[in-house]
Amino acid sequence: MATSSDDPPRLPSVVIHPLVVRVVHWINAFAILVMILSGWRIYNASALFPFQFPSGLTLGGWLGGALQWHFAAMWLLVANGIVYVLYGVISGHYRSSFFPLTPRAILNDFTGVFRGRLSHRLGTYNALQKLLYLIVILLAIVLVLSGLCIWKPVQFQSLAALMGGYEGARLVHFFAMAGVVGFIMIHVALVILVPRTLLPMFSGRAPRDSISSGGGY
Amino acid sequence: MKKRSGLYTALTTVPSKQIQLLERRLFLKHSLSLGALVLLTGCDVTDVDAVQKTLWAMSKWNDRVQGWLFNPNKLAPVYPESAITKPFPFNAFYDEDEIPMVDPERYRLALGGLIRDKKPWSLAQLHALPQVSQITRHVCVEGWSAIGKWTGVPFRHFLERVGADLTAKYVGFKCLDDYYTSIDMATALHPQTQLTLMYADRTLPAKYGFPMKLRIPTKLGFKNPKHIAEIYVTNVYPGGYWEDMGYNWFSGL
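Line by line, the protein sequences give chains A and B. Sequential numbering from 48 applies to the first sequence in my numbering. Sequential numbering from 3 applies to the second sequence in my numbering.
None of these hints come from the bench; they were simulated from the model. One thing to keep in mind: the hints can contain errors.
Claimed, not checked - Taking lysine-lysine pairs in the BS3-like style, the calculated list, with each CA pair at most 30 Å apart, reads:
no.	chain 1	residue 1	chain 2	residue 2
1	A	K199	B	K151
2	A	K199	B	K121
3	B	K121	B	K171
4	B	K76	A	K199
5	B	K176	B	K209
6	A	K199	B	K62
7	B	K209	A	K199
8	B	K171	B	K62
9	B	K171	B	K88
10	A	K199	B	K176
11	B	K209	B	K55
12	B	K176	B	K62
13	B	K88	A	K199
14	B	K209	B	K120
15	B	K209	B	K151
16	B	K121	B	K62
17	B	K76	B	K62
18	B	K151	B	K176
19	A	K199	B	K171
20	B	K55	B	K171
21	B	K151	B	K171
22	B	K55	B	K120
23	B	K55	B	K121
24	B	K120	B	K88
Work the whole structure out from these sequences, hints included.
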């Protein structure tokens with residue numbers, strides 16, 4: 048009698064990324080890409096520093112087009128962001144995914160990177176991931192608030208004053224953008240290094256063994 | 003997009019008028035840059051048209067939101083004399099040598115639309131009206147800003163004086179340099195909106211809009227028309243030079 052020993056035992060898969068998180072993630076990815084590429088075109092119209100972004104990497108074709116993209120995509124970004132934050136708080140997603148987060152755990156995982164021993168289990172964030180995700184959420188909030196101050200420096204002048212007025216808000220907006228771009232580069236580089244993290248961001252599911260045994264990255 | 007002088011020239015490119023026109027035409031024809039095409043791979047021209055329609059619809063939506071956000075009593079921040087930007091940048095859709103030259107003796111401001119007394123105004127008559135000064139920040143759509151001192155007639159006072167229909171939706175401006183723009187009535191009546199006759203305590207120089215400009219510290223720079231030839235009040239959306247090409251119409255600060 049033939050055995051099916053060549054078929055590995057099927058481990059049940061489990062949901063590691065809830066549907067809401069996956070949907071808002073990809074809407075956010077689109078919105079933030081539009082905001083960054085159009086924002087670079089707007090920056091080029093009056094550069095804050097002695098460099099410009101290559102116009103081939105920008106969106107909108109000219110300043111007016113870039114502004115149209117920027118001020119259209121901002122609604123998508125903010126509406127999607129509100130859904131994400133409400134879901135994260137109400138469902139306990141933040142509490143279970145990002146906390147507890149202690150300085151000792153961050154330090155451990157940080158030195159772990161250099162020893163090649165940082166754990167990167169699907170569905171569970173290590174301390175460095177938790178820290179990076181919290182930072183990028185804060186940066187997104189700073190980006191939206193500084194953006195409001197640049198758009199409406201008269202109506203929101205009290206908020207703008209906290210950032211050093213209109214010109215200060217431009218700088219805050221720029222550096223928060225730079226921080227988000229830095230996050231995206233690390234985020235995408237890690238997906239390239241650990242490609243099995245990509246599929247669950249679409250399907251939501253990962254094999255149970257990839258969660259229990261983990262991987263030594 | 004536009005030319006400017008001073009420290010900004012070092013930081014940004016200053017295309018000639020031909021390049022501006024070319025860029026504008028490219029925008030109208032192709033609408034989208036490489037970045038957009040990357041996002042829209044596989045789409046045909048119709049889809050790109052659909053994108054354009056969506057972007058314009060969003061800009062109209064943003065006009066409405068800004069109308070709601072606009073607080074008619076909220077004043078733009080004012081600054082001390084020491085904060086004034088020197089030199090204040092020149093900025094227009096043409097070069098400095100194309101600034102219109104206006105004979106102050108022959109100049110007459112024309113009035114049109116929903117205004118009771120459409121009698122034209124001479125410069126002397128405008129100077130005889132009550133004058134106020136403000137030191138406020140001019141914010142350009144390009145992103146840069148500069149602080150200046152403007153003196154002139156509160157626009158609300160002028161509109162009341164000529165019997166404008168203050169319940170109408172728009173105030174439109176036609177300028178001697180063929181520029182045109184329009185604003186909402188709420189902004190026209192804002193206490194800091196000013197029919198400006200002087201800059202830095204002297205007659206308004208040609209490069210800042212002689213003989214008269216409209217200073218609106220609650221709107222982006224391109225909503226502050228220079229060399230005004232005619233003011234009219236209307237309920238029909240009048241658009242504007244940059245607005246018709248894609249800049250947001252309300253553009254409130």
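Restraint status (C-alpha distance of K88/B to K199/A at most 30 Å): The given pair, whose Cα atoms are some 25 Å apart, holds under the 30 Å limit.
Given pair status - K151/B, K209/B, alpha carbons within 30 Å: 15 Å, holds
Agreement of K171/B and K88/B with the hint, judged by alpha carbon distance not exceeding 30 Å: 37 Å, violated
Agreement of K199/A and K171/B with the hint, judged by alpha carbon distance not exceeding 30 Å: This hinted pair holds, its Cα atoms lying about 22 Å apart.
Pair hint outcome, K199/A versus K151/B [Cα-Cα no greater than 30 Å]: Holds - the C-alpha atoms of K151/B and K199/A are around 21 Å apart, at most 30 Å.
Given hint K62/B paired with K76/B - CA-CA distance at most 30 Å: Distance ~23 Å between K76/B and K62/B Cα, so the pair holds.
Distance restraint between K121/B and K171/B, which requires alpha-carbon spacing of 30 Å or less: 22 Å, holds
Pair hint K121/B and K62/B, alpha-carbon separation not exceeding 30 Å: Not satisfied, since the Cα-Cα distance of roughly 34 Å exceeds 30 Å.
Pair hint K171/B and K62/B, alpha-carbon separation not exceeding 30 Å: 15 Å, holds
Holds or violated: K209/B to K199/A, with C-alpha atoms at most 30 Å apart: Given that 30 Å is the threshold and the Cα spacing comes to 27 Å, the pair holds.
Hinted pair K176/B and K209/B, Cα distance within 30 Å: Holds, at roughly 17 Å.
30 Å limit on alpha-carbon distance, applied to hinted pair K55/B and K171/B: Holds - the C-alpha atoms of K171/B and K55/B are around 24 Å apart, at most 30 Å.
In this structure, the earlier hints numbered 2, 9, 11, 16, 22, 23, 24 are contradicted, and the remaining ones agree with it.
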